[in-house]
Amino acid sequence: MENNKIAVGLDIGTTKIVAMIGRKNEYGKLEVLGIGKAKSLGVKRGVVNNITQTIQSIQQAVDEAQSVSGYQIENVVVGIAGQHIRSLHHSDYITREKSDEVIDNTDIDNLVEQVHKLVMLPGEEIIHVLPQEYKVDSQPDIKEPIGMYGGRLEANFHVVVGQVSSIRNIGRCVKSAGLSLSDITLEPLASASAVLSQEEKEAGVALIDIGGGTTDLAIFKDGIIRHTAVIPFGGNVITEDIKEGCSIIEKQAELLKIKFGSAWPGENKETEIVSIPGLRGREPKEITLKNLSKIIHARVQEIIEHVYLEIKNYGHETQKGKLIAGIVLTGGGSQLKHLRQLVEYITGMDVRIGYPNEHLAGDSDDVLSSPAYATAVGLLMEGLEREEEVVEEITPEVEEPVFERKEEETVVEEEPIKKEEIQKGKSKSFFEKFTERFKEFLDNAE
Numbered sequence: 001m002e003n004n005k006i007a008v009g010l011d012i013g014t015t016k017i018v019a020m021i022g023r024k025n026e027y028g029k030l031e032v033l034g035i036g037k038a039k040s041l042g043v044k045r046g047v048v049n050n051i052t053q054t055i056q057s058i059q060q061a062v063d064e065a066q067s068v069s070g071y072q073i074e075n076v077v078v079g080i081a082g083q084h085i086r087s088l089h090h091s092d093y094i095t096r097e098k099s100d101e102v103i104d105n106t107d108i109d110n111l112v113e114q115v116h117k118l119v120m121l122p123g124e125e126i127i128h129v130l131p132q133e134y135k136v137d138s139q140p141d142i143k144e145p146i147g148m149y150g151g152r153l154e155a156n157f158h159v160v161v162g163q164v165s166s167i168r169n170i171g172r173c174v175k176s177a178g179l180s181l182s183d184i185t186l187e188p189l190a191s192a193s194a195v196l197s198q199e200e201k202e203a204g205v206a207l208i209d210i211g212g213g214t215t216d217l218a219i220f221k222d223g224i225i226r227h228t229a230v231i232p233f234g235g236n237v238i239t240e241d242i243k244e245g246c247s248i249i250e251k252q253a254e255l256l257k258i259k260f261g262s263a264w265p266g267e268n269k270e271t272e273i274v275s276i277p278g279l280r281g282r283e284p285k286e287i288t289l290k291n292l293s294k295i296i297h298a299r300v301q302e303i304i305e306h307v308y309l310e311i312k313n314y315g316h317e318t319q320k321g322k323l324i325a326g327i328v329l330t331g332g333g334s335q336l337k338h339l340r341q342l343v344e345y346i347t348g349m350d351v352r353i354g355y356p357n358e359h360l361a362g363d364s365d366d367v368l369s370s371p372a373y374a375t376a377v378g379l380l381m382e383g384l385e386r387e388e389e390v391v392e393e394i395t396p397e398v399e400e401p402v403f404e405r406k407e408e409e410t411v412v413e414e415e416p417i418k419k420e421e422i423q424k425g426k427s428k429s430f431f432e433k434f435t436e437r438f439k440e441f442l443d444n445a446e
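Just so it is clear: in the sequence shown, position 266 is 266 by this note's numbering, and no numbers are missing.
Keep in mind the hints are simulated off the structure, nothing from the lab.
Because the structure is a prediction, the values reported are computed rather than measured.
One thing to keep in mind: the hints can contain errors.
[What the hints assert, rightly or not] Quick list of in silico lysine-lysine cross-link-like pairs, DSSO-like style, CA-CA up to 27 angstroms: (1) K16 to K269; (2) K269 to K243; (3) K285 to K243; (4) K294 to K243; (5) K312 to K243; (6) K337 to K39; (7) K29 to K44; (8) K16 to K175; (9) K37 to K243; (10) K337 to K312; (11) K243 to K259; (12) K337 to K294.
With the hints as extra help, turn the sequences into a complete structure.
Here it is, written out as structure tokens:
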């Protein structure tokens, strides 16, 4: 039964769109059954700017994943990023009517629901409400209040906000591609699931996901998400600079960056030259690798300084907010040569490159353990966790007829009643509530 649970992660990026279908094996590791990749033509800096092209790219990626895996894709977990994302901190409380009873999930849900009613700027909507520490009757720093007695339940929240139109456009693209949206997750949180260990999250760590259009930041401390930010620069800006600085076309600039690019100018000698073929019989261009790395260095330094400013604003330099585990770099842009050394030099923090391979089954393709697929792996993990939650919610209702194995069990497994069953359950997570609210929002938009 474990192997029947299959999920799909759909990473709608600025450079590429990836559909990854997989399940967990008997050891709890991810077994990727199929992966589809398409060039992302309708997305700029994480925001959809051409609906038709984005739908075509999604369909192309999904078709490829389906043909490789042999499975039909219907539901997907989608990642959201983009320059419109911002986060804020908020404290809220509820006064419980029955203080003689212990705090349960319903109280937590009521508190989260109250935060969802926050008045946002026009055109904005809350994407995630992530509780941090709780306070019960003025007793602070409680990580898990369920089961405790108390009349007043208070909490600090990390609230992630995005533009309604951008969220709606992603939903519309997914729907028009013939897919159903089972969940929506902030991309830096998905990448964090894929590349960070629990020890790092406890010690304090900053995850920097350098994508094509944006650089995403997620900061964890004491196992809790503390800060998220999306910086509207990524690998594509570096390519653009090379294109302008060397007067070459974009395709050549991208190849130069990947093959010969370095974030550290001192690495190359003046005599190292690469020759670029001229267009339509024109003379070839000669570019020194030193000049190339100077162009890359200038832009990468700017991106890292932006990110470091966010880390300092969070409070890394204070004793309480110190990030002992340093920085983890991931995403396609983290593969740039000598980037790790440059980040260490600018920030003075320990840095490592984050690969999603620790969650993958041993026989997985080497391509999948590339940092470029960290978000897709994280989204797939989110999808599988969601599937497990769904099964756990349903299980109590089907426990009685378990003895009549052949008929009863099969019916329960194949009957497509998961969502209705959840609604009968005692409480839903705020992710599920957000997804439901988002679906209603899309339907009303039609």
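**Message:** Given the hinted pair K16 and K269, is their Cα-Cα distance within 27 angstroms?
**Reply:** With Cα atoms ~34 angstroms apart, K16 and K269 exceed 27 angstroms; violated.
**Message:** Hinted pair, alpha-carbon criterion (27 angstroms max): K37, K243. Please report holds or violated.
**Reply:** With a Cα-Cα distance of about 25 angstroms, the restraint between K37 and K243 holds, given a limit of 27 angstroms.
**Request:** Quickly compare the C-alpha distance for K337 and K294 to 27 angstroms and report which way the hint goes.
**Result:** 13 angstroms, holds
**Request:** Would you mind confirming whether the straight-line C-alpha gap from K337 to K39 stays at or under 27 angstroms?
**Result:** Measuring from Cα to Cα gives roughly 23 angstroms; hence the hint holds.
**Message:** Would the hint linking K312 and K243 be met if the CA-CA limit is 27 angstroms?
**Reply:** Answer violated: K312 to K243 is near 32 angstroms, above 27 angstroms.
**Message:** Between the alpha carbons of K29 and K44, is the straight-line distance 27 angstroms or under?
**Reply:** 33 angstroms, violated
**Asked** Is the hinted pair K285 and K243 satisfied, with a Cα-Cα distance of at most 27 angstroms?
**Response** The hint holds at about 12 angstroms.
**Asked** K269 and K243: Cα distance at most 27 angstroms?
**Response** Within the cut-off at roughly 21 angstroms; holds.
**Message:** Check the hint pairing K16 with K175 against an upper bound of 27 angstroms on the C-alpha distance.
**Reply:** This hinted pair holds, its Cα atoms lying about 19 angstroms apart.
**Asked** Is the Cα-Cα distance between K294 and K243 27 angstroms or less?
**Response** Measuring from Cα to Cα gives roughly 13 angstroms; hence the hint holds.
**Request:** Sort out whether K259 lies within 27 angstroms of K243, counting only the CA atoms.
**Result:** Roughly 15 angstroms separates the two Cα atoms, so the pair holds.
**Request:** Given the hint that K337 pairs with K312, test it: the Cα-Cα distance must not exceed 27 angstroms.
**Result:** 25 angstroms, holds
Hints 1, 5 and 7, counting from the list given before, are not met by this structure.
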